[in-house]
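Next come the chains, spelled out residue by residue.
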Amino acid sequence: MSTTTGAAAVAAESEGAPGSSNSLGAGSRRAKGPKRRSMGVQNAAGWLFSTPFLVLFTVFMAFPIVATLLMSFTDFGIRNVTDPLSANFIGFENYTKLFSDEKFLKSLFNTAYFVVVGVPLTIVLGLGVAVLLNNGIDRARTFFRIGFYAPVVTSIVAVAVVWRFVLDPTDGLIAGLFSEVGLTAPDFLGNEKLAMPSLIAMAVWRNLGTVMVLFIAGLQAIPTEVREAAKLDGAGTWQELRLITVPLLRPTLLYATIITTIGYLNVFEEPFVMTQGGPSDSTLTVSLDMYREGFNFFHMGYASAMAYVLFVVIMGITVLQLRLLKDNTK
Amino acid sequence: MSTVQMKQPRTKKPLVHVLLSAGLLVMSAPFLWMALSAFKTDKELSASPPVWLPSEWTLSHFTQLLDKLDMPLYFMNSVIVAVLVTVSNLVFCSMLGYALAKLKFVGRNKIFALVLGALMVPGNLMLLPLFVLMSKLHLIDSYAGLVLPFAAGAFGVFLMRQFMQSIPDELLEAARMDGAREWYIFWRIVMPLVKPALATLSIITFLGSWNNFVWPLIATNSPDKYTLPVALATFATDPNQSAGSNGMLMAGSLLVVLPVLLVFAVLQRHFTQGIATAGMK
Numbered sequence: 001m002s003t004t005t006g007a008a009a010v011a012a013e014s015e016g017a018p019g020s021s022n023s024l025g026a027g028s029r030r031a032k033g034p035k036r037r038s039m040g041v042q043n044a045a046g047w048l049f050s051t052p053f054l055v056l057f058t059v060f061m062a063f064p065i066v067a068t069l070l071m072s073f074t075d076f077g078i079r080n081v082t083d084p085l086s087a088n089f090i091g092f093e094n095y096t097k098l099f100s101d102e103k104f105l106k107s108l109f110n111t112a113y114f115v116v117v118g119v120p121l122t123i124v125l126g127l128g129v130a131v132l133l134n135n136g137i138d139r140a141r142t143f144f145r146i147g148f149y150a151p152v153v154t155s156i157v158a159v160a161v162v163w164r165f166v167l168d169p170t171d172g173l174i175a176g177l178f179s180e181v182g183l184t185a186p187d188f189l190g191n192e193k194l195a196m197p198s199l200i201a202m203a204v205w206r207n208l209g210t211v212m213v214l215f216i217a218g219l220q221a222i223p224t225e226v227r228e229a230a231k232l233d234g235a236g237t238w239q240e241l242r243l244i245t246v247p248l249l250r251p252t253l254l255y256a257t258i259i260t261t262i263g264y265l266n267v268f269e270e271p272f273v274m275t276q277g278g279p280s281d282s283t284l285t286v287s288l289d290m291y292r293e294g295f296n297f298f299h300m301g302y303a304s305a306m307a308y309v310l311f312v313v314i315m316g317i318t319v320l321q322l323r324l325l326k327d328n329t330k
Numbered sequence: 331m332s333t334v335q336m337k338q339p340r341t342k343k344p345l346v347h348v349l350l351s352a353g354l355l356v357m358s359a360p361f362l363w364m365a366l367s368a369f370k371t372d373k374e375l376s377a378s379p380p381v382w383l384p385s386e387w388t389l390s391h392f393t394q395l396l397d398k399l400d401m402p403l404y405f406m407n408s409v410i411v412a413v414l415v416t417v418s419n420l421v422f423c424s425m426l427g428y429a430l431a432k433l434k435f436v437g438r439n440k441i442f443a444l445v446l447g448a449l450m451v452p453g454n455l456m457l458l459p460l461f462v463l464m465s466k467l468h469l470i471d472s473y474a475g476l477v478l479p480f481a482a483g484a485f486g487v488f489l490m491r492q493f494m495q496s497i498p499d500e501l502l503e504a505a506r507m508d509g510a511r512e513w514y515i516f517w518r519i520v521m522p523l524v525k526p527a528l529a530t531l532s533i534i535t536f537l538g539s540w541n542n543f544v545w546p547l548i549a550t551n552s553p554d555k556y557t558l559p560v561a562l563a564t565f566a567t568d569p570n571q572s573a574g575s576n577g578m579l580m581a582g583s584l585l586v587v588l589p590v591l592l593v594f595a596v597l598q599r600h601f602t603q604g605i606a607t608a609g610m611k
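Same order as they appear, the protein sequences are chains A and B.
By this note's numbering, the letter at position 242 of the first sequence is numbered 242, and the numbering carries on one by one without gaps.
By this note's numbering, the letter at position 248 of the second sequence is numbered 578, and the numbering carries on one by one without gaps.
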């Protein structure tokens with residue numbers, strides 16, 4: 001029952017593209033008399049209904065966003081936690097320092113590595129599972145969907161506990177498979193070259209479900225007539241996927257790519273719980289570096305500058321992705 | 331639909347089933363491992379090659395864990411925080427969602443733009459000043475400090491707006507003609523109509539709060555306000571506590587994960603649907 005309501009909401013929204021302005025126009029044309037009388041009331045009500053969110057938003061989001069920017073131009077340190085206003089203004093010093101900070105540059109590189117490898121893997125596997133689930137399975141679909149989605153709703157702390165066993169070089173799960181075929185497993189998390197790929201594997205495992213759900217919704221929005229027409233015209237499975245499914249899924253693909261990229265650019269939890277950035281900073285990401293500078297060493301001004309550099313990078317990449325992927329639809 | 335098309339997917343099915351089952355096995359292996367290991371003896375836990383099924387089932391890791399960690403306390407902390415976050419999101423996000431979907435007021439588009447913008451802002455950007463702010467307000471180690479930053483999420487507003495747009499305007503107009511106040515309309519007409527959306531938002535918010543890790547880690551110093559994930563993580567990284575207690579960690583993880591997985595398995599339709607709705611902007 002709930003599904004139909006949800007689908008209706010989705011359909012209603014996607015049909016009338018600028019849904020809100022649409023209904024507004026129609027409404028005011030339809031009932032002029034009482035409408036005009038209620039305009040003042042609606043204005044007041046609108047703002048009253050908005051107030052709680054706006055207050056919380058201002059205090060716990062807008063203020064911190066601005067404060068981080070201000071802090072990034074100061075030498076904000078541990079003593080300023082109790083006395084924030086006594087932090088000294090130091091201009092762009094934090095920013096210039098960042099770009100000669102080898103550790104930070106390494107964390108930038110590591111984050112880029114995580115994104116460049118992790119995002120395509122997550123998207124392709126998520127899409128693959130969604131297509132398979134949508135095409136060939138009907139009875140056990142819910143069962144499969146729960147299975148693939150379960151890692152998404154699992155606490156990272158529990159995930160870390162289990163994955164450390166999975167990757168353990170002596171009595172881990174993968175080590176067991178290795179010894180089965182007479183090989184010795186490498187120390188995945190202790191090896192500079194393998195630590196990051198291991199974390200990427202874990203992240204793909206954890207986030208595949210989100211992408212899958214998005215794609216399933218997108219696939220179900222493709223009219224069956226389109227598929228049937230393609231089949232009648234003799235399109236094979238691969239052709240159907242390439243010529244029908246993927247082009248019609250573009251909006252979903254765009255959305256999934258953007259949110260996955262943003263999430264991966266912010267990657268923090270995986271290295272935090274698994275490697276603490278090691279070995280020799282090979283899994284140190286920008287967010288983890290920021291966290292450590294800010295909350296372990298209390299170089300909060302410096303950490304704020306990191307946060308803003310990352311934010312600007314994220315905004316830049318998101319805009320770029322919107323441009324690149326959107327233009328292709330036309 | 332002719333028989334030709336009906337047949338085609340059926341012939342593909344075996345391969346699809348094999349592929350998906352293999353995928354599912356990989357996806358769920360860590361969970362199975364966790365669930366089984368929690369009941370293994372220490373000897374079998376560190377057996378090499380690994381033993382999947384315990385030959386002897388034991389509850390000793392659970393009793394050990396409950397001796398060392400005040401699990402009921404952390405469980406209650408997690409529940410209290412998640413319930414407060416969920417209830418406040420249900421109320422505040424619905425209020426703004428309603429205003430954005432159904433009320434015409436000056437500044438509405440600006441507020442909606444703000445909500446969309448807020449969806450894009452990474453949480454990490456706010457952590458440092460938020461910590462300073464909470465310290466100044468003496469809200470570190472308090473439920474308020476854990477709840478307030480998450481009390482009204484942009485995602486919830488977006489979701490509720492999407493759902494409320496499908497409510498026919500005529501219905502609200504009729505109520506207005508009868509002299510109903512907006513507040514009454516909101517609680518008595520709109521909210522009952524969006525119960526499925528409220529269920530969706532509840533589950534997503536509750537699970538998000540339950541699994542939230544970074545902020546509770548920053549905003550708590552004293553163990554009596556730890557949430558479950560923070561308590562478990564602290565325990566796992568404390569060299570004095572966790573040495574040789576892999577079984578306890580598995581047992582603890584299972585206790586953190588099990589309630590969530592059960593709730594999710596029962597209500598997954600609401601959950602995945604909400605995630606998908608947000609994607610269909």
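It is worth saying that the hints were derived from the structure and are not from the lab.
Built from N, CA and C at the ideal position, the CB exists for glycine as well.
Errors might be hidden in some of the hints.
[What the hints assert, rightly or not] Dumping the calculated DMTMM-like pairs for lysine to aspartate or glutamate here, alpha-carbon to alpha-carbon at most 20 Å:
1) B/K373 with A/D83
2) B/K466 with A/E228
3) B/K343 with A/D83
[Unchecked claim] Only part of the chain A face toward chain B is listed, based on derived beta-carbon distances under 8 Å:
4) N43
5) F60
6) M61
7) I65
8) V81
9) L85
10) F89
11) V124
12) V162
13) D171
14) S179
15) E180
16) I262
17) A303
18) F311
Hints versus structure:
1. B/K373 with A/D83: 54 Å, violated
2. B/K466 with A/E228: Status violated; Cα separation ~63 Å.
3. B/K343 with A/D83: 66 Å, violated
4. N43: Status holds, d = 4 Å.
5. F60: Status holds, d = 5 Å.
6. M61: Given a least distance of 6 Å, the restraint on A/M61 holds.
7. I65: 6 Å, holds
8. V81: 5 Å, holds
9. L85: 11 Å, violated
10. F89: 16 Å, violated
11. V124: 13 Å, violated
12. V162: 4 Å, holds
13. D171: 4 Å, holds
14. S179: 5 Å, holds
15. E180: Hint on A/E180: holds, closest Cβ of chain B at ~7 Å, below 8 Å.
16. I262: 7 Å, holds
17. A303: With a closest approach of 6 Å, the A/A303 hint holds.
18. F311: 5 Å, holds
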